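With chain R held as given, fit chains C, Z, D and E with the ligands onto it using these hints.
Residue numbers (the working numbering), protein chains in the order written: chain R, 1 to 297; chain C, 1 to 404; chain Z, 1 to 299; chain D, 1 to 357; chain E, 1 to 281.
Derived by calculation from the structure, the hints in this document are not laboratory data.
Source: prediction; values computed, not measured.
Be a bit skeptical, because a hint or two may be false.
[What the hints assert, rightly or not] With a straight-line cut-off of 25 Å between C-alpha atoms, the simulated DSS-like cross-links for lysine-lysine are:
id, chain 1, residue 1, chain 2, residue 2
1, R, K291, Z, K105
2, C, K389, C, K146
3, Z, K204, D, K225
4, C, K152, R, K264
5, Z, K51, E, K152
6, C, K42, C, K279
7, C, K389, R, K58
8, C, K204, R, K58
9, E, K152, R, K291
10, C, K204, R, K264
11, R, K130, R, K58
12, E, K152, Z, K282
13, Z, K204, Z, K51
14, C, K177, R, K264
15, C, K86, D, K172
16, Z, K105, D, K172
17, E, K152, R, K162
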Amino acid sequence: MDLHLLLQLSINGLIVGTLYGVVGMCFVLIYKASQIVNFAQGEFLLIGAWVCWWLLTKYHLPFVWGFLVTLAFMVAFGFLLQVVVLRPMIGEPVISVIMMTIGLSIFCQALMKWIFGVLPQPYPQVFAVKSVNIFGLEVQTVYLMAMAISLVIMVGFAWFFKMSRTGLAMRATSFDQQVAQSLGISVRQVFAVSWAISAMVSAVAGVVVGVVNGVSSALSFFGIKVFPAVILGGLDSIVGSVLGGLVIGVLENWAQFVDSQFLKWGNLYEVAPFYVLIVILMIKPYGLFGKRDIERV
Amino acid sequence: DYPIGHLNDFSGGTADVGKPYGQGVDDALAYINAHGGINGTKLAVDATDYGYQVPRALAAYKNWTGSNKVVAIMGWGTADTEALVKSVTDDQIPFVSASYAGTLTDPTGKGGPASERAAPYNFFYGPSYSDSARALVQWAAEDWKKKGGQGKPKWVHMGANHPYPNAPRKAEEEYAKELGFEVLDPVVFALTPGDYTAQCLTLKQSGANYAYLGNTGASNIAVLKSCETAGVKVQFVGNVWGIDENSLKAAGSAGNGVVFPVRTAALWTDNVPALSLFKEIAKNSDPSGKEYKAVHYLAGVCAAFYLKEAMEWAAANGGVTGPTIAKGFQAKANWVPKGTEGVCKPSTWTAEDHRPTLSVELYQTQVTGPTDSGTVSELIAKGTMKLNKVATIELPRKKEWIGY
Amino acid sequence: MLTFNEFKGSRGFREGADARQRGGTKGGDLPVTTDPVLVARDVSIRFGGVKALTDVSFEVKSGELFSIIGPNGAGKTSLLNCISGRYRPTAGSIHLLGRDVTHLKPNKRAAIGIGRTFQNLALFGHMSVLDNIMVGRHHLLKNNFLSGALYWLGGAQKEELAHRREVEDIIDFLEIEAVRHATAGTLSYGLRKRVELARAVALKPKLLLLDEPMAGMNLEEKEDMARYILDLNEEWGMTIVMIEHDMGVVMDISHRVMVLDFGRKIAEGLPADVLEDEYVKKAYLGEELPGLEAEEAAA
Amino acid sequence: MATATLRPCGDFKSRYAADQTIFPTVWSRNFCILGVVLVAAAPFLVDRYVLNLLIQIGYLGIAALGLNILVGFTGQISIGHAVFFGFGGFASCFLNSNAGIPPVLSIPLAGVMTTAVGLVFGIPAARLKGLYLAIATLAAQFILLDFFGRAEWFTGGSNGTVADPVSLFGFKFNHDESYLYVVLFYVVVLYVAAANLMRTRDGRALVAVRDYYLAAEMMGVNLTKYRTLSFGISSFYAGIGGALYAHYLGFMSIEGLDISFSIQFLAMIIIGGLGSIMGTLMGTAFMVLLPQLVNFLARSLDGSAIDHALGLHEGLPFLREMTIGAAIILFLIFEPDGLAHRWKQIKAYWKLYPFSY
Amino acid sequence: MGQMSAATAEMPTIATPAEPAPLLTVNNLEVVYNDVILVLRGLNLKVPEGEIVALLGANGAGKSTTLKAISGLLKAEDGQITRGDVLFRGERLNGLDPDQIVRRGIFQVMEGRRIVADMTVHENLRLGAHTRRDGGVRDDLDRVYGYFPRLKERTGLAGYLSGGEQQMLAIGRAIMARPKLILMDEPSMGLSPLLVKEVFLIIRRLARDLGLTILLVEQNARLALEAASYGYIMEQGKIVLDGTADALKSNEDVKEFYLGQGEARKSFKGLKSFKRRKRWL
Ligand SMILES: Nc1ncnc2c1ncn2[C@@H]1O[C@H](COP(=O)(O)OP(=O)(O)OP(=O)(O)O)[C@@H](O)[C@H]1O
Ligand SMILES: Nc1ncnc2c1ncn2[C@@H]1O[C@H](COP(=O)(O)OP(=O)(O)OP(=O)(O)O)[C@@H](O)[C@H]1O
Ligand SMILES: [Mg+2]
Ligand SMILES: [Mg+2]
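Here chain R stands alone, though its shape is the one from the complex (with noise of 0.2 Å):
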C-alpha cells in the first residue's frame, strides 16, 4: 500500500469535494425554495464560465473584475430565467417544472454552443502563482480560492435559511405554495431570489472548473455528478450538501486507489460513488443531514 499516494488522493479528493459541494449548495438552495430538482443546474456553471471566459479574453479585463461582472451577469440572469419560464410554472406540478428544466437544460447547452462553438477553449493564466503545494500535492491556487468562497457562502446560506425572513419565506413556499401564497410571501419573489443567487454560485464553480479545465459544453455534466453528493448531504441541508460533497470528492478519490491498487476494475472511480450512496440510503433514507418527512395523520 501506498500510503503517499492515499495521502494525496485523499487531499485531492477533499478539493474537489468542495467543488461538488459549491454546486451542492446551488441544488439545495433551489430545492428548499421550491422542491424542484435543477436539472439545468450544469448548464448554469457552463455559462458563468462562458461569459467570464468571453470577459477575461475579448476584453481582457483583469480577472477579479471579470469574475464580478460575470456574477452580475447571473444574477439578472437568474431573475430573467424567473420572469420568462418559471414565472407561468406558478402553482403547476413540480414534476412539470423539473421537467421544464430540463428543456431549459437542452435549450442553454444549444444556444452556448452556439454562440461559444463546440471546440474547447483555456482561461488565461488567472493567479501569478498556478499552483500550491501541499503534502508534495499541486494544487491549483483557484481551488483554494473556490474552497474559501464556499466556506462563505455555506455559512451566509446557513444563516439565511435559519434566521432571515427571506429564508422562512422559501422554506414555507417551498413547502406548499398556496399555504405561501395565503400569508403573504411572493412566490415570484421567492422563485427570483433562489434562482438567481443559485446560477450567481453556480457561476463561481463554473469559472473554477473552467479556470482549471478550459471550458467547453461538456462542462454541464458536472449538474448530474453532484447529486449523488447533494442526496447523500440530504436535499434539504446546506451543511449536508457541502459535507456529502466532500464525501463523494473523497470516496471517488480512495475508489480510484483501491482500483489502482488492488481491485484493478478501471472505473470504480465512477461509479464507488453511487455503490456508497445506496448503502447510505438504506441505512439512512434522508441522507445524512436531511429532514425525515412528516409522517402523521
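For chains C, Z, D and E with the ligands alone, kept in the frame of chain R given last:
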C-alpha cells in the same frame, strides 16, 4: 442526381471533432457538384446533423432508404456506424464512416481469427484505430530504444469503457506485449471532461512510460491538464480523434509533446501542390480562405473524394448503384483521388480486406507559449503551436489483423 | 346517474336489518354481546420528550360504540394510531379479536378487520370516489397484477363487478351517489369525510375507528353522520371507536366513553357519568368559562 | 352538488360492466380501434421513413408506459429507465445467441429477466421516497451501465452484440414493413394489459400508494410489496421495449443508453401526461416526432431567404436543439398536465405530485 | 320573515343608507373550477368595518370557495372568478395575486389548518407576520402564546402537533399577521369544547380590542351567531338568507336546521328513523 446521405455531428457529444470533419465532407461534396458532379450528374446531398444520437441516425437512414434511395452514405461516429452495419449490408449501400474501428475492416466475416462479422459495405479512409495504435506502439518501442531506456517499458491504455476508446485496446495491448512492453491495467476516465487528478496520481505512481489516450478531445485535454498539475512524466500518445489543433489550443502547455496519427500525408500549412485544391474547396465555407483547417478537415475531404472516384468508376461500369460503388472502391490498388496526390494517402480496398492503408504518419505536438488568446490560425501562424512529423510507420499487412 | 336499481335486491350485507329492533336504546345501554373486540393494556408512547400516552388500558366489547374524548393534544389520535398500527407503542400491548397485534404492520391489521378514518382527511386525492372506496376492498379482492391485467380471462372482471355491487350499496347508504365519479380531491370538506367513512366501511371492518367524524359539519350534517354511525353499529354490526369533540353527539349515541388527558386515562364509563365528572367539566367542557354574553358584559 | 365528471350528457351506464370499461366513451374506443387499423394499414400507405417512426414510437412507447406505471401511477420517479430498456435488449440478444432461443420467445423472456433485475433495484424503493429514490435509480443507471460495459459474456462488452430478426413459422420479420406488426402486436397487448391493471386491485393499490401512502397502508395495502412491484412491472415494459429495439436493429450496444435517454423517457411521460395510459403514447409520439419536425423545418429553412438574411446556416443545428428545448418549455407552460389532459378534458391526477403526502 | 331582508341575486340590501361603505363588498360573484364546475352563482356579501360577520351553510355550499375567491387563493386550485367582483375599501381585488391581497390587509385562515409542517411552531408564527414591518411582532407573539399556552410547550416541528394544536397555530398565525380583515374558515374545527369557547372569546376580543374585521365561516352556528353581528346563510353557491345575528337566531328555519332548537329536535340517537331535507329555495 445521385442521392447521397451525409450524417454529421455538429451539435452533439462529438461535435468538437465532428465539426471540422463534417465541414470537410460538406465542402468537398459542394465542390464536386460545382465542378461537374459525377461525370456531369450532380450529387443530391442530404446532410443530417444527428447530434450523436443513434435513434436520429436511424430515422435519417430510413428516410434515405425510403422512396428515393441513396446510393452511398458519408457517415460519422462509432455508435451509429455499428448500429447500421447490418442495415447497410442488407440494403447494399456503401457507408463511408469516420469510425475507424477494426471491426469494420472485414468484408467477408472470415478475416482474422478475432473477426466477428462481415461488413462488406463499410468503408473508411485512413488507418484503422487498431493499426494506428499498433503504429504508436511500434514508435514507442523505437523511441524507448533511442532514448536508451532501461528494462521493459510500461504501456498503459487510458479511456472510457466505451466502444470507441476500447476499439483498438485489444490490438494495441497485444502488440505492445509482442514488442516487449509491460502492459499495465488500463486507466479509465470518462468521455466527458472532469478533474482527473486522481487518475493522474495513480498513473504517476504506476510508473508508466507510454500512455495511450483513447477518448476524444475534451476529455483528453482534461487528463493532460490534470496530469500536468500532478507532475506526471509520461509520453502520451493519442488516438486520431484524441488530439488536434483545436484541442491542443485548449490544452495549452499541457498538450505539449503528444504523439498522434495523422491520416493525410500533409498538413494545411505544408508545401504540397495538391493543397491548393483543398484551399479552393475550403472557400465554400470560408470565402476569405484565411482560416487554418485542422487535420480532420483534410481527412473529411479525402474521404469524400474517394467516394467520388468510386462513383465515377461505377458510372463507367454499369451504373451508379450501391454494389457498383462498392466495387469502385475495390477496383484499383494504392490509389489516390485525382488532384489530391500528396495529401490523401494511397489506399487499397479489396473484396477480402477493407484496411485502406497500413502506413501511419505520426506527428508530435509542440506548444511554445500561452494559447489562450488568438485563434488557432493565428497560433499556428505565429508558431506558438506546431505539429512536427516524427515518423511514418509501415505496418505489415497481416491477414490475422483483419477485423480487429 | 342511474341508481342501479336492478341490484338493489342484493344487499346481503344488511340482511335482517329491519328485523332488528331499532331506536329503543338510550345512551348507556350495553350491547348484546360482551366478548372484547379490542383490548389495550398499558399502552404508552412517547415522542422524544413528549409522553403522548401513559399506561392507557381499556376494552371495547363486540357491538359497542365506544367514544374517546379529551382536550386537544391529550393523545386520542395517538391512541387510534397505536390501534391501527401507524404508531408502535413504546410499551404495552394491543389485542384484537383475541390476537396480539402489537407488532403487526398496519396493512396486516386492516386485513384482520380494522378500518379507520382520519382526523386530517387522508383520501387518495387524485382518484375517483369510487376508486377510493374500492381501495378499501383491497384485502377482500383476490385478483393480482397478472389476472388483473388479463381481466377478461382470469376472472378478475367477475370479481371486480361483484365487489362493485357491494360498494354501490355503501355508496347508496352514505348517499354519495352523485359524486361517485368525482375526483376525491375536489370535494368539499364535509363530503370528503363521508367518502372516507365509505372507504373505511368498504373494508368490512370488525372494528371501525373514527377520528372526529363530525368535524366541519353543521348540525344537520352531524345528524346525518350520527345516523350513519348508528346504522353501522346497529344494523351492520360494527364495533366502533370514535373520537369526537361534539359532546351532544357523544352523549347521545355512544355506549361508553373514555376520557384522556395528558396521555392518561382519567375516566371511563357511561356517558352520563362521565359528563358529571368534575375534572371533565372543568378541563374539557370549560363550563366555568364565561359565555360570550357574559364576557361582553364584563368588558 | 356539482359532479366533477365530464361525461357527455346522455351517456348513462346501466350496468356496472359498462361503467368499468377502459374507454370512458364509445367514441374514444372507436377512435382507438381506428388508430390500430390505420397503423396496421400503414405499410401499404406510407414509406419506410414513416414506418420507422411508427416503430420507434411503438417500442419507446412500451418502455415509456412502464415508466409511467412507475412514475405516473405509483409516484416513484426514476431516472434510470434507459438501462432497463437496455437490459431487455441485451437479455434478448443473450438468450437468442447464447441459448438459441428464437426471438419470438426471447423477447417476452427478456421482459421477465428485466423484471427480476427491476425488482432487485426496486428494493430501495421500500425505504426511499421522492427524490431520494429518484437518485437511487440514477445510481442504478450508472451501476448497470458499468455492468453492461464489463459483462462481455452477456452484452458483448463495449462492442455490443448482435440479434436475429424475429421470425415465426419461417417468416422473417426483418423489414420495417413486417416488423411494424410485431411492434403493433406488443403495443396493443401491453397497453390493454396496463389499462386492465389500472382498473383492478393491484393497479388501484399502486395509485393509492402514490396519492397517500400512509392511508393506503392502513387500507390494507402492503407498501413494500407494491413499491417494489411497480419497479418490476415498469422494468418488464422497459425490457420488452428494449428487446423489440434490439431485434429491430439487429444489434445492441451500450452507446446511447445514457442518462439523457432516461431523461427522454421522463419527458415522454410528463408531456404525455403522468398517470395516463394513452397519454404515454402521445407523449412518446411527441418526443419522437418533434426532432423530426424541427429537422424538417431546419432543412426547409436551410438555403432559403431567411437563412441568408440571418446567416443562420452555421447555427441551424443549434437552433434545432434550441427549438426542441423551447418546445418542451412552451409545451409545459401551456399544458403543464400533459397531452392527456387536453385529450380527455379531465383534470389530470397530478396537481400536487409528488409532495402531496 | 319579519324584519329580515330576503337576499336577491340582483341587489344586496343589507346596508341602510346612513351606514359608511363596508370594508369588503362582494358583488354578484361567480366562480368556476376547472373551467366547467360552477360553484358560486352570483353571490353578494358585505362586511362592515370592525364587525364580525358569519357565513353559514351546508357542506359543499361554497363557503370555502367564497373565502378563497376573496383572498385570491382560488388560482392555485384551478378556480376562476368568471363574473362579479370583490371590493376591498372600494378597490377591486379580482385578479390580484394572493400575496398582494395579504399586503392590502386581508388574511385567510384556511380550512384544514394548512400549517407549514416542517417548521417549528415559532417559525410558523413568524411566518404569519411575514408582511409586517412594524415592531409589534414580539408583543403579538406573547399575545398568541397567552391565548394558547399549549403552543408554547410545543418546541418540535408543527407537523407533529395534534389536530387541535394545529388549529390553534393556524389561528395564532392570523393574529400575528394583524390584518384589517381576517377570513376564518371553520376556526373551531377539531377543538375541544373548552377551546371552542375560548376561540370565540378570542375572536370577539380581536374584533373589539384590535379593531379587526372578521368574516367567519363556521359550522357551530350557535356560537357563530353569538359572536357575530350579522349573518349570511348560503346554499348551492348563493346567499339564501341574511340578517342581523339576532334576527337569524330567532328565525324558525335557522333554529331548526342550524341551532337544533326546532320543535322537531330529537336526540341524535332518535334521529335515525326519519330523514329530512331542508328546502329554502
Ligand atoms: N409523531 C409525533 N411526533 C411527535 N409528537 C407527537 C407525534 N404524534 C403526536 N405527538 C404529540 O402527542 C400529543 C398527542 O397528540 P394527539 O394527536 O394524539 O392528540 P389528540 O388527542 O388527538 O388531540 P386533538 O384533539 O387536538 O386532535 C400532542 O401533543 C402531539 O404534539
Ligand atoms: N378544486 C376544486 N375543483 C373542483 N371542484 C371543487 C374544488 N374545490 C371545491 N369544489 C367544489 O365546490 C363546491 C363548494 O366547495 P367548498 O369547499 O367551497 O364548500 P364548503 O361550503 O366550504 O363546504 P364544507 O363545509 O364541506 O367545507 C363543492 O361542490 C366542491 O365539490
Ligand atoms: Mg386528534
Ligand atoms: Mg369549506
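- 25 Å limit on alpha-carbon distance, applied to hinted pair C/K204 and R/K264: 16 Å, holds
- Task: Take the C-alpha atoms of R/K291 and Z/K105, compute the straight-line distance between them, and say whether it is at most 25 Å.
- Result: 24 Å, holds
- Would you mind confirming whether the straight-line C-alpha gap from Z/K204 to D/K225 stays at or under 25 Å? 23 Å, holds
- Query: Does D/K172 lie within 25 Å of Z/K105 when you go C-alpha to C-alpha?
  - Reply: Violated, at roughly 53 Å.
- Decide if the proposed pair is consistent with the structure: E/K152 and Z/K282, CA atoms, cutoff 25 Å inclusive. Judged against 25 Å, a Cα distance of about 21 Å means the pair holds.
- Item | Agreement of C/K204 and R/K58 with the hint, judged by alpha carbon distance not exceeding 25 Å | The given pair, whose Cα atoms are some 37 Å apart, is violated under the 25 Å limit.
- Straight-line Cα separation of Z/K204 and Z/K51 no greater than 25 Å? 33 Å, violated
- Item | Hint consistency between C/K152 and R/K264 [alpha-carbon to alpha-carbon, up to 25 Å] | 21 Å, holds
- Task: Measure nothing beyond the straight line between the CA atoms of E/K152 and R/K162; if it is 25 Å or shorter, mark the hint as holding.
- Result: 19 Å, holds
- C/K86 paired with D/K172 [C-alpha distance capped at 25 Å]: Distance ~15 Å between C/K86 and D/K172 Cα, so the pair holds.
- Query: Given the proposed pairing of C/K42 with C/K279, does the C-alpha separation stay at or below 25 Å?
  - Reply: 22 Å, holds
- Task: Measure nothing beyond the straight line between the CA atoms of R/K130 and R/K58; if it is 25 Å or shorter, mark the hint as holding.
- Result: 22 Å, holds
Taken one by one, the earlier hints fail for this structure at numbers 7, 8, 13 and 16, listed in ascending order.
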